[in-house]
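Peer 1: Make a model of the complete structure from these sequences and hints.
Number of protein chains: 2
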Amino acid sequence: MVKGKITGLSVKDVRFPTSLGQHGSDAMHTDPDYSAAYVVIETDAEDAIKGYGLTFTLGKGTEIVVCAVKALSHLVVGRNLEDIVANFRDFYRQLTSDGQLRWIGPEKGVVHLATAAVLNAVWDLWAKQEQKPLWKLLVYMTPEQLVSCIDFRYITDVLTEAQALEILQNGKQRQEAREEHMVKHGYPAYTTSCAWLGYSDNQLQKLCADALKEGWTRFKVKVGADLQDDIRRCKLIRDMIGHDNELMLDANQRWDVNEAISWVKELAVFKPLWIEEPTSPDDILGHGTISKALAPLGIGVATGEQCHNRVMFKQFLQARALQYLQIDSCRLGSVNENLSVLLMAKKFNIPVCPHAGGVGLCELVQHLIIFDYISVSGSLEKRIQDILLK
Amino acid sequence: MVKGKITGLSVKDVRFPTSLGQHGSDAMHTDPDYSAAYVVIETDAEDAIKGYGLTFTLGKGTEIVVCAVKALSHLVVGRNLEDIVANFRDFYRQLTSDGQLRWIGPEKGVVHLATAAVLNAVWDLWAKQEQKPLWKLLVYMTPEQLVSCIDFRYITDVLTEAQALEILQNGKQRQEAREEHMVKHGYPAYTTSCAWLGYSDNQLQKLCADALKEGWTRFKVKVGADLQDDIRRCKLIRDMIGHDNELMLDANQRWDVNEAISWVKELAVFKPLWIEEPTSPDDILGHGTISKALAPLGIGVATGEQCHNRVMFKQFLQARALQYLQIDSCRLGSVNENLSVLLMAKKFNIPVCPHAGGVGLCELVQHLIIFDYISVSGSLEKRIQDILLK
Chain E
1 MVKGKITGLS VKDVRFPTSL GQHGSDAMHT DPDYSAAYVV IETDAEDAIK GYGLTFTLGK
61 GTEIVVCAVK ALSHLVVGRN LEDIVANFRD FYRQLTSDGQ LRWIGPEKGV VHLATAAVLN
121 AVWDLWAKQE QKPLWKLLVY MTPEQLVSCI DFRYITDVLT EAQALEILQN GKQRQEAREE
181 HMVKHGYPAY TTSCAWLGYS DNQLQKLCAD ALKEGWTRFK VKVGADLQDD IRRCKLIRDM
241 IGHDNELMLD ANQRWDVNEA ISWVKELAVF KPLWIEEPTS PDDILGHGTI SKALAPLGIG
301 VATGEQCHNR VMFKQFLQAR ALQYLQIDSC RLGSVNENLS VLLMAKKFNI PVCPHAGGVG
361 LCELVQHLII FDYISVSGSL EKRIQDILLK
Chain H
1 MVKGKITGLS VKDVRFPTSL GQHGSDAMHT DPDYSAAYVV IETDAEDAIK GYGLTFTLGK
61 GTEIVVCAVK ALSHLVVGRN LEDIVANFRD FYRQLTSDGQ LRWIGPEKGV VHLATAAVLN
121 AVWDLWAKQE QKPLWKLLVY MTPEQLVSCI DFRYITDVLT EAQALEILQN GKQRQEAREE
181 HMVKHGYPAY TTSCAWLGYS DNQLQKLCAD ALKEGWTRFK VKVGADLQDD IRRCKLIRDM
241 IGHDNELMLD ANQRWDVNEA ISWVKELAVF KPLWIEEPTS PDDILGHGTI SKALAPLGIG
301 VATGEQCHNR VMFKQFLQAR ALQYLQIDSC RLGSVNENLS VLLMAKKFNI PVCPHAGGVG
361 LCELVQHLII FDYISVSGSL EKRIQDILLK
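Going line by line, the protein sequences match chains E and H.
Going by the working numbering, the first residue of the first sequence is number 1, and it counts up by one from there.
Going by the working numbering, the first residue of the second sequence is number 1, and it counts up by one from there.
Take the hints with a grain of salt, since some may be wrong.
The list makes no distinction among identical chains, and a pair is therefore deemed to hold if it is satisfied within one copy or across any two copies.
What the hints assert, rightly or not - No farther apart than 20 Å at their CA atoms in a straight line, the calculated lysine to aspartate or glutamate pairs in the EDC-like style are these:
| no. | residue 1 | residue 2 |
| --- | --- | --- |
| 1 | Lys12 | Glu363 |
| 2 | Lys213 | Glu176 |
| 3 | Lys292 | Asp157 |
| 4 | Lys12 | Glu63 |
| 5 | Lys265 | Asp157 |
| 6 | Lys70 | Asp13 |
| 7 | Lys12 | Glu82 |
| 8 | Lys271 | Glu46 |
| 9 | Lys347 | Asp256 |
| 10 | Lys132 | Glu46 |
| 11 | Lys70 | Glu180 |
| 12 | Lys3 | Glu42 |
| 13 | Lys128 | Glu82 |
| 14 | Lys206 | Glu63 |
| 15 | Lys271 | Glu63 |
| 16 | Lys172 | Glu259 |
Simulated from the structure, these hints should not be mistaken for laboratory data.
Keep in mind the model is a prediction, meaning the values are calculated, not measured.
Peer 2: Structure, rendered in structure tokens:
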């Protein structure tokens with residue numbers, strides 16, 4: 001039973017100096033300070049439960065997202081939680097389609113990141129009041145309830161409300177068996193933590209050896225700044241992990257379209273499963289061209305961590321521009337918008353492999369991907385989640 | 001001769017209560033308060049000339065853009081103007097590709113609007129020091145200088161630096177005649193000021209009669225909220241202006257893809273030249289579908305005022321998803337990014353019809369479109385600029 005009126009929303013600018021150790025470094029973000037805009041929501045309910053939500057940032061600019069959260073606050077404070085969740089689609093749209101605020105988005109960049117942080121806190125509050133982890137709250141919602149959280153504006157040419165309902169109704173079949181599987185075995189994962197771009201070969205080797213010892217079988221390497229470095233690092237890691245384990249590459253948007261194709265061809269000998277973010281996150285048609293060029297080599301294209309909303313994901317799917325869809329828990333408009341993307345991916349039979357690895361991302365997105373397995377995709381084939389090691 | 005070190009950058013949150021009179025109202029922005037984040041740059045040069053730049057906003061959220069301008073300030077203050085303009089491409093990239101700040105964009109939303117405001121101020125300062133209006137500064141730059149201002153990242157699959165140079169070299173032919181034509185006759189224009197969505201039929205009739213008397217020949221009507229209202233208003237204005245004048249429609253992103261097609265078919269009888277922003281500004285493929293469906297009716301698709309960067313415009317052109325390309329002086333990254341879009345439009349032979357009609361937009365974008373005519377497109381066919389009447 002959800003209850004209480006939201007009486008307060010506060011937001012903090014939280015920064016960690018990760019750039020000091022080159023943790024998280026890649027070809028485009030060479031000195032990130034992993035950070036977050038961190039939202040806390042309070043209610044007047046007797047249980048005194050608070051909702052916590054965040055969006056991930058890289059240091060500078062977190063204060064801008066904090067400013068945007070404050071601009072959304074008046075749409076949240078004073079509202080009854082029961083009213084919000086009873087018509088969550090409307091609430092989502094109030095936050096994303098304000099007639100004045102939408103001009104500086106809409107549904108993209110700073111204002112959308114702020115929306116995600118706020119909505120993540122609302123979902124957290126709801127799940128805590130229901131005394132369930134978020135994934136379980138979602139799994140035990142009816143298809144009708146789930147659909148009522150989704151704003152279908154701009155995606156009905158690919159997914160109607162009726163089609164979404166049908167997918168979710170089918171997802172109820174043998175749901176218990178999949179839930180049991182998740183509780184027992186967890187979700188398959190990979191790690192990027194061995195091979196950030198700024199790490200030395202020695203560091204990479206040591207971390208990779210440790211990870212192999214711990215039982216990791218899937219490894220992602222950052223590439224894109226220097227081809228000879230990439231060849232050396234890929235050889236090094238492939239030699240260590242052998243061909244029974246998986247290798248993925250991540251260029252973090254470093255290349256132009258034709259450059260991406262020729263560069264990845266040079267690395268094809270290392271048999272990567274995918275190339276992630278080969279070019280601009282906005283370039284749907286470019287990703288389509290790259291996908292087509294790399295398909296004969298058995299290399300897929302993965303993208304999504306900077307894909308800013310459901311309209312973009314819709315087109316990536318329509319254009320067959322990705323083979324692995326990487327949702328992000330804080331870039332899209334929280335659970336609400338992620339639900340629509342999971343359903344579209346199911347319709348196109350494209351595996352979702354979430355982006356994580358930043359502040360709070362692993363902790364947030366695991367709920368979405370476990371829900372995806374139990375209630376939407378029903379499959380673990382080609383599906384793996386990013387995990388950040390300490 | 002440019003000179004001086006930038007010693008100060010200040011930014012103001014300027015708002016006008018336009019919502020009181022429903023000025024600027026449309027199907028998605030029902031109560032806009034036309035506003036701006038207004039940037040002033042000072043140097044230590046003896047001339048004491050200041051540079052003024054802005055980005056347009058709708059009221060709420062202007063403070064977020066102001067916050068973003070402040071976050072960019074450290075990249076600007078302390079720099080020599082001569083160094084900036086000598087390698088403007090690098091400076092553009094420093095503002096748009098900061099390894100930490102780009103995470104909350106990149107090149108979209110709040111941070112990109114802030115970038116536009118800052119760069120607009122730099123261009124204003126440069127033009128003033130050269131004692132030329134901006135359009136004339138651009139017209140008298142060499143093709144090599146112009147190209148050196150453009151960041152070609154992510155667009156080389158459609159426009160290389162060599163191709164851009166060739167277009168600009170060709171643009172030098174008979175440039176003087178076109179400059180003379182502009183000075184003498186100005187640029188063809190249309191007006192939206194008669195038919196904001198919130199205006200009554202009486203108000204619309206009166207404003208339209210006045211505009212006809214003043215010699216206006218092209219009129220844009222806001223549509224999309226209610227089909228019967230749209231039919232009545234379109235009939236009213238078409239009856240007044242007759243069939244020798246042009247009528248354009250603007251839905252401001254109100255529809256889904258299929259809804260857009262069926263709605264506009266109902267209005268086809270009024271022979272509009274274009275339907276503007278029929279759906280989400282992010283939906284390239286959707287605009288392509290709508291363009292294809294409306295082509296047999298002789299109705300084009302116009303969009304661009306919320307098209308957030310050159311990568312998106314590249315794809316709109318590749319997908320034949322627009323027939324009129326509407327650049328915005330403050331949504332794209334100032335003159336620098338607009339140059340790349342003008343050149344891509346030229347390559348695809350698509351007319352540029354700028355978006356304006358907000359605070360400062362007409363004043364800014366006239367320089368770009370005059371430059372486009374004199375030095376890039378060389379044509380006025382199908383080309384008109386939006387003008388806001390008092």
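Peer 1: Compare the structure with each hint and give your call.
Peer 2: Hint check:
1. Lys12 to Glu363: Only inside one copy: Lys12 and Glu363 sit 19 Å apart there, 39 Å across copies, limit 20 Å.
2. Lys213 to Glu176: neither (33 Å within a copy, 73 Å between copies)
3. Lys292 to Asp157: Only across copies: Lys292 and Asp157 sit 15 Å apart there, 24 Å inside one copy, limit 20 Å.
4. Lys12 to Glu63: Both ways: Lys12 and Glu63 sit 9 Å apart in one copy and 18 Å across, limit 20 Å.
5. Lys265 to Asp157: between (35 Å within a copy, 17 Å between copies)
6. Lys70 to Asp13: This pair counts as both: shortest intra-copy Cα distance 12 Å, inter-copy 16 Å.
7. Lys12 to Glu82: Neither way: Lys12 and Glu82 sit 26 Å apart in one copy and 40 Å across, limit 20 Å.
8. Lys271 to Glu46: neither (57 Å within a copy, 62 Å between copies)
9. Lys347 to Asp256: Between copies only: 19 Å across, 30 Å inside.
10. Lys132 to Glu46: within (18 Å within a copy, 67 Å between copies)
11. Lys70 to Glu180: Classified as neither; 41 Å inside a copy, 51 Å across copies.
12. Lys3 to Glu42: within (11 Å within a copy, 54 Å between copies)
13. Lys128 to Glu82: within (14 Å within a copy, 58 Å between copies)
14. Lys206 to Glu63: Neither, since 36 Å and 47 Å both go past 20 Å.
15. Lys271 to Glu63: neither (42 Å within a copy, 49 Å between copies)
16. Lys172 to Glu259: Result: close neither inside a copy nor across copies, 45 Å intra and 32 Å inter.
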